[in-house]
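**Student:** Residue numbers (our numbering), protein chains in the order written: chain A, 3 to 276; chain B, 103 to 362.
Everything labelled a hint here was simulated from the structure, so no lab data went into it. C-beta: ideal position from N, C-alpha, C; glycine also. Do not take every clue at face value.
Which chain A residues face chain B? A few, computed with CB under 10 Å, are given here [as the list claims (entries may be wrong)]:
#1 Ile55
#2 Thr58
#3 Cys62
#4 Ser129
#5 Glu133
#6 Met137
#7 Ile143
#8 Glu147
#9 Asn236
#10 Gly240
#11 Thr241
#12 Glu242
#13 Gly243
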Amino acid sequence: MNKRNDIPGRDKIADTDRLKIPSGVMNFFTEAGDTSRFAGRFFRQLFFPPYEIKETIRQCYEIGYRSLPLVGLTAFIIGLVITLQSRPTLVEFGAEAWLPAMVGISLIREICPVVIALICAGKIGSSIGAELGSMKVTEQIDAMEVSGTNPFKYIVVSRIVSTTLMVPILIIIGDAISLYGSYLAVKIKGEVSFSLFFHQVFENVVFSDVIPAFIKSFFFGFAIGLIGCYKGYNSKKGTEGVGRSANSAVVISSLLVFIIDLIAVQITEFLGYL
Amino acid sequence: MTNTLLSTTEISAIPKQSGEPIIEIHNLEKSFGKNHVLNKFNLIIQKGENVVVLGKSGCGKSVLIKCIVGLLNYDAGSLKVFGKEIAELPQQELDEMRARIGFVFQNSALYDSMTVRENLEFALRRHRKQKSKEAVDQLVKETLTNVGLLDAINTMPAELSGGMRKRVGLARALVLYPEIMLYDEPTTGLDPITAKEISSLMLQMQKKYNTSSIIISHDMHCAQLLANRMTIMIDGINYAEGTYEELQKLDDPKTHPFFE
Numbered sequence: 003m004n005k006r007n008d009i010p011g012r013d014k015i016a017d018t019d020r021l022k023i024p025s026g027v028m029n030f031f032t033e034a035g036d037t038s039r040f041a042g043r044f045f046r047q048l049f050f051p052p053y054e055i056k057e058t059i060r061q062c063y064e065i066g067y068r069s070l071p072l073v074g075l076t077a078f079i080i081g082l083v084i085t086l087q088s089r090p091t092l093v094e095f096g097a098e099a100w101l102p103a104m105v106g107i108s109l110i111r112e113i114c115p116v117v118i119a120l121i122c123a124g125k126i127g128s129s130i131g132a133e134l135g136s137m138k139v140t141e142q143i144d145a146m147e148v149s150g151t152n153p154f155k156y157i158v159v160s161r162i163v164s165t166t167l168m169v170p171i172l173i174i175i176g177d178a179i180s181l182y183g184s185y186l187a188v189k190i191k192g193e194v195s196f197s198l199f200f201h202q203v204f205e206n207v208v209f210s211d212v213i214p215a216f217i218k219s220f221f222f223g224f225a226i227g228l229i230g231c232y233k234g235y236n237s238k239k240g241t242e243g244v245g246r247s248a249n250s251a252v253v254i255s256s257l258l259v260f261i262i263d264l265i266a267v268q269i270t271e272f273l274g275y276l
Numbered sequence: 103m104t105n106t107l108l109s110t111t112e113i114s115a116i117p118k119q120s121g122e123p124i125i126e127i128h129n130l131e132k133s134f135g136k137n138h139v140l141n142k143f144n145l146i147i148q149k150g151e152n153v154v155v156l157g158k159s160g161c162g163k164s165v166l167i168k169c170i171v172g173l174l175n176y177d178a179g180s181l182k183v184f185g186k187e188i189a190e191l192p193q194q195e196l197d198e199m200r201a202r203i204g205f206v207f208q209n210s211a212l213y214d215s216m217t218v219r220e221n222l223e224f225a226l227r228r229h230r231k232q233k234s235k236e237a238v239d240q241l242v243k244e245t246l247t248n249v250g251l252l253d254a255i256n257t258m259p260a261e262l263s264g265g266m267r268k269r270v271g272l273a274r275a276l277v278l279y280p281e282i283m284l285y286d287e288p289t290t291g292l293d294p295i296t297a298k299e300i301s302s303l304m305l306q307m308q309k310k311y312n313t314s315s316i317i318i319s320h321d322m323h324c325a326q327l328l329a330n331r332m333t334i335m336i337d338g339i340n341y342a343e344g345t346y347e348e349l350q351k352l353d354d355p356k357t358h359p360f361f362e
């Protein structure tokens, strides 16, 4: 007879005290691992022909140009509102002259990149997630594969490259529009010329304000494209799966924007640019 | 062949018809969790032969043809296409082999962001790079003329009817001049008249393009018209095999309902 079974309550201990990893934790690490593999596959295929240049340009147009009205309007409102809300406090301390510089730095360094990246995560992330999910469910991706072509290259690589290139451009344009909104807000309350406002902004905005913000915007774009494509490409069967892909693409890419921003701030501080 | 039910081993030992075997399936197994879909399935397709696979919904017919093109990996057994074991092919060779196989999906699976012309050009431009733009255009128009849809060349898939989508799906599969055609329920979801038209078109195209084919179908008119040989899949094996007439005469409670 096995001695292990002689210990009273041994079987109960084995059942109840066995180390069990919660399914939520398991799912998190499984998803993280799969997403990393997906990103690795992207980088492996990025540098080898055939290059889907025509499709990449088409995606740049769809992702970049078509997002411009929404990004422009949002950036304009942000610039206007932040200036209007900051002004009374600065007036109280007699520091109204600092308004263009303060608003300019905060818009360029932080507010515009993060808000525009979130707008893009909502608009572009959901659109990619839903489009690829729908292609998966209707077997269009399988159809590309059985025709002996590489659907990953055509569908995924082109979209991730496009978001990585277009989001920074949208952010730069958004910066300019938000500064114009800020100028209008200052103009409403007081007398300031266009050239004086922008002279005051750019006199105080330095290289180390612009470059870290510009670099992190590439990571924002990459994360939005990667998550949108990953969720859509691995969509489960059915229309419910398509909706879930679009939804989780937005949620995860928005969260990643904040995480990347947090890491970027730490690196910027470490390098002495803060 | 006699009108008797054949065991799995007997089926694999069926004397070869004239021509070389282009698809050889031996003891193929595929499971999804505890669900054993293919259970030592055997089938040999000779060059120029059209085989219809009948079976209840969910019995694994589509899984079989997805294994043939490498969309799904099989668990055990052997699956050779053009003499090469699918599971052992590197990606590039698999892609080259796929270009020699046309696949018609149940719901056509047309690329809905592209026009009909672009749907046909998609694989053509990637596999026939040496062809000029004019030659590609000519080939696309010729294929669309063959399926009677040249007028729809610049139409988006969303604007097409069910029958037209099937025709475009067929044209897209034929444009690379495949040697094997795999049809996944080609007439499902169509009205009887359009279904007959599609079946006739498939027959015409098989003669014109000289293809061998596996046709997954529930449509007995389609099966009767196209099949040189039929196999009935039950419980993951080819339960019975023979010509339409041979299987129709079988007095078996499992096969008889297909012919009622």
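**Student:** Look at each hint and say if it fits the structure.
**Tutor:** Here is how each hint holds up against the structure:
no.	hint	in the structure
1	Ile55	violated, 13 Å
2	Thr58	violated, 15 Å
3	Cys62	violated, 15 Å
4	Ser129	violated, 12 Å
5	Glu133	holds, 8 Å
6	Met137	holds, 8 Å
7	Ile143	holds, 9 Å
8	Glu147	holds, 6 Å
9	Asn236	violated, 15 Å
10	Gly240	violated, 13 Å
11	Thr241	violated, 13 Å
12	Glu242	violated, 18 Å
13	Gly243	violated, 16 Å
Comparing the model with each numbered hint stated earlier shows that hints 1, 2, 3, 4, 9, 10, 11, 12 and 13 do not hold.
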